[in-house]
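> Start from the sequences, fold in the hints, and give me the full structure.
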Amino acid sequence: MNYILIAVIVLGAIGLVAALVLFAASKKFAVYEDPRITQVGELLPGANCGGCGFAGCAGMADALVKGADAGNIEGLNCPVGGPEVMGRVADLLGMAIANGEPKVAVVRCNGTCENRPKIAEYAGLRTCAAMHACGAGETACGYGCLGCGDCVKACQFDAIHINPETGIAEVDEEKCVACGACVKACPRGIIELRKKGPKGRRVYVSCVNKDKGAVSMKACKVSCIGCGKCEKECPFGAITVGNNCSYIDPDKCRLCRKCEKVCPTHAIVAVNFPAPKPKPETPESPATNERKEAQE
Amino acid sequence: MKFNAKTFSIGGIHPAENKLSNDAVTQVAALPKQAIFPLSQHIGAPAVPVVQKGDKVKVGTMIAEAGSFVSAPIYSSVSGTVFKIDTAIDATGYRKPAIIINVEGDEWEESIDCSDKLELVEAHPELTPEEIINRVKVAGVTGMGGAGFPTFIKLTPPPTAKAECVIINAVECEPYITADFRLMMEKADEILVGLELLMVAAKVTTGYIGIETNKPAAIELLTKKCAEKFSASTFHVEVVPLKQRYPQGGEKQLVDAVIQRQVPAPPAIPVNVGAIVQNVGTAYAVYEAVMKHKPLFERYTTVTGKKLQSPSNFLVRMGTPMQDLIDACGGMPEGDNKLLAGGPMMGKALTSVEVPVCKGTNSVTILSDDDARRKEPQPCIRCAKCVSACPMGLEPYLLAKISEVQNWERAEREDITSCIECGSCQFTCPAHRPLLDNIRQGKATVMGIIRSRAAASQKK
Chain V
1 MNYILIAVIV LGAIGLVAAL VLFAASKKFA VYEDPRITQV GELLPGANCG
51 GCGFAGCAGM ADALVKGADA GNIEGLNCPV GGPEVMGRVA DLLGMAIANG
101 EPKVAVVRCN GTCENRPKIA EYAGLRTCAA MHACGAGETA CGYGCLGCGD
151 CVKACQFDAI HINPETGIAE VDEEKCVACG ACVKACPRGI IELRKKGPKG
201 RRVYVSCVNK DKGAVSMKAC KVSCIGCGKC EKECPFGAIT VGNNCSYIDP
251 DKCRLCRKCE KVCPTHAIVA VNFPAPKPKP ETPESPATNE RKEAQE
Chain D
1 MKFNAKTFSI GGIHPAENKL SNDAVTQVAA LPKQAIFPLS QHIGAPAVPV
51 VQKGDKVKVG TMIAEAGSFV SAPIYSSVSG TVFKIDTAID ATGYRKPAII
101 INVEGDEWEE SIDCSDKLEL VEAHPELTPE EIINRVKVAG VTGMGGAGFP
151 TFIKLTPPPT AKAECVIINA VECEPYITAD FRLMMEKADE ILVGLELLMV
201 AAKVTTGYIG IETNKPAAIE LLTKKCAEKF SASTFHVEVV PLKQRYPQGG
251 EKQLVDAVIQ RQVPAPPAIP VNVGAIVQNV GTAYAVYEAV MKHKPLFERY
301 TTVTGKKLQS PSNFLVRMGT PMQDLIDACG GMPEGDNKLL AGGPMMGKAL
351 TSVEVPVCKG TNSVTILSDD DARRKEPQPC IRCAKCVSAC PMGLEPYLLA
401 KISEVQNWER AEREDITSCI ECGSCQFTCP AHRPLLDNIR QGKATVMGII
451 RSRAAASQKK
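In order, the protein sequences belong to chains V and D.
With the numbering used here as the guide, the letters of the first sequence map in order to residues 1 to 296.
With the numbering used here as the guide, the letters of the second sequence map in order to residues 1 to 460.
To be clear, the hints were calculated from the coordinates, so they are not data collected in a lab.
Cβ coordinates follow ideal geometry from the N, Cα and C atoms, glycine included.
Worth double-checking, as some hints may not be accurate.
[To be verified] For each label pair, taking beta carbons as the anchor points, the in silico distance ranges come out as: (1) D:P379 / V:D158: 22 to 32 Å; (2) D:K224 / V:A214: 52 to 62 Å; (3) D:K375 / V:E170: 23 to 33 Å; (4) D:K33 / V:G75: 53 to 63 Å; (5) D:K460 / V:D158: 38 to 48 Å.
[Unchecked claim] Capping the alpha-carbon separation at 20 Å, the derived lysine-lysine pairs in PhoX-like fashion look like this: (6) D:K96 / V:K210; (7) D:K292 / D:K137; (8) D:K84 / V:K210; (9) D:K338 / V:K118; (10) D:K292 / V:K212; (11) D:K96 / V:K212; (12) D:K96 / V:K218; (13) D:K53 / V:K212.
Next comes the structure, spelled out in structure tokens:
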């Protein structure tokens, strides 16, 4: 009985002393952390994808609070959460909403098996980076999609896949959060983050080939030949041609689609527009083929 | 004939020789209709064009000057008119800037000595080391073994290193290629004068010529000529027979085999252990540049392949499309083929026969589909064959894995930058794993990281 009592007293005394030491230490060596960092961290999605440019959501929360203290959270944007989450974060921090327009990854190559014939067979390691280091790849285009899926491996959101029929990467707009992982993974720099556009409507040049027109035409039927027709046609000055390749500035483009109509190689693509009265796809493609045959 | 042959100390493999064109006496290749000169034929900055569209050029006219210190000028190998300055597919597989010349006739610059007379160093007292190096630099001579490092830089070692000997790389350990062997058989005297010039330029008196024992005729011939030429002189030159082992032609392996010294990990180079290594083709090019005032615009190239009608050796003007050479050997064999600029081990696969012969093109190899096709990779069985084969003492299975998972810090710690990309690991792997493919990716990335780190610390 006595032993039990002694043990309880001794342990109780040790516990008391330890508690006092811990209490003193926690007061003396306390590190102040802004409680808002935890609160903001709770609002963020917790995907830790790195799409915001920080190592994870905790880093982003820290940067947001620091930015709020400095009076500016512009340029900080959570691509996963989008405007909704950023709005809530801004409310919490008492700041104006500072998010840009939602973006989406766009694969700027349309060199499908049909458009871009194979001229060789690659038998090495099937990654885009390895194939890119070996040369132009299986087709004659040294700029286009290699189709080995380095972007697919990089995507944490299952939002980009290689279409087995075309052999080209395709983005799932619903799933894409514009974190930019695929942009970094692509050794050819084909993928670009572009404004999602109203109702997902976008017009862009689906080619990055910088060879002269005659050369790129030989390699791929739908390559941009840098003819400059679109540049002349555009009423808003959104299009520039440089290095034999055209580029549409998403900030200036008003989606009038005039460029799409004049492009001789159909390198300019418009997506998510409602179909005009007769379907545009079906009558267009045979017509192009006929024109091609006539040329040949 | 028995030799007391040496070799390097670690790793190495022995691929089938397939030296099909050993006995094919070198032919002078026909002039092309149009010659293509890529501006980047060497390691370093691309050359800068000094001609314009429509300019008339002769054989030996400079058409592009060195772009920076580590660079080399390019000379026209044909006479004619500059057709355009455009892009053309080169051995990298990509379109790169190039000068394209339409060939008309065959008119040479008057400064070039076209006679066959053998010029000796003794007859030219004006040849100081500086003068030799300058002439080599002006002539645009680069390493002829494939990598294409400007030769004049190799001859001017950094002040921290002191050259003790010149080693001539006549190993030709790559299967199929015979261009160096034919050159030795046909131009032995010139090569020895070239070696003497290299020794004078590097201010050394010792020279070695490393030749593998599968070329007994060359060993015999050069030993005899060396004895005749150097026995009474102040130079000590020795022909070193080497056991057949790939990659003995690698600089570091050759230094190890010939003088038993090991070159430390990069950025150390052979001259840090006292050796300047030059390809036998380079020695010949140095002779022609210094003694004949002939810039580098033609070279010995082997065109070979088991299914090719007549594998041959050519003295070919640079800028000649490979198609012309293949046609001269009976045309591209039927069926699927793999076209390589270089040999089967280190050659670069090409997707176009329009690629021109450049300064570093020692061979055009055509492999049949059966020989070239890779087998399906199997899981690694940890047999460590790749470790025994690696001539740099690395662990290829590990480097390949950490490159695959993109662990760049670890890759750097494991010395991935020491890899010479010889492909011995992949050749020997019983599971047919793409080891080198992965390692090459890792090496390129790690080198990029090291470079940007150096640039960043320089900024600070």
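> Are the Cα positions of D:K84 and V:K210 separated by 20 Å at most?
holds, 18 Å
> Quickly compare the C-alpha distance for D:K338 and V:K118 to 20 Å and report which way the hint goes.
OK: D:K338 and V:K118 at ~15 Å, within 20 Å.
> Taking the beta carbons of D:K460 and V:D158, is their distance inside 38 to 48 Å?
holds, 41 Å
> Starting from D:K96, check that the Cα of V:K218 is at most 20 Å away, please.
holds, 17 Å
> Taken at face value, is the distance from the CA of V:K212 to the CA of D:K96 at most 20 Å?
holds, 12 Å
> Go ahead and decide if the range 22 to 32 Å is satisfied by the Cβ distance of D:P379 to V:D158.
holds, 27 Å
> Are the Cα atoms of D:K292 and V:K212 separated by 20 Å or less?
violated, 41 Å
> Do D:K224 and V:A214 keep their Cβ atoms within the hinted range of 52 to 62 Å?
For D:K224 and V:A214 the Cβ distance comes to about 57 Å; the hint holds.
> Regarding the pair D:K53 and V:K212, is the alpha-carbon distance no greater than 20 Å?
This hinted pair holds, its Cα atoms lying about 17 Å apart.
> Tell me if the straight-line CA distance from D:K292 to D:K137 falls inside 20 Å.
holds, 14 Å
> Return holds or violated for the Cβ distance of D:K375 and V:E170 against the range 23 to 33 Å.
Check passed, 32 Å falls within 23 to 33 Å.
> For the pair we were handed, D:K96 and V:K210, check the Cα-Cα distance against 20 Å.
Holds, at about 11 Å.
In this structure, the one hint that does not hold is number 10.
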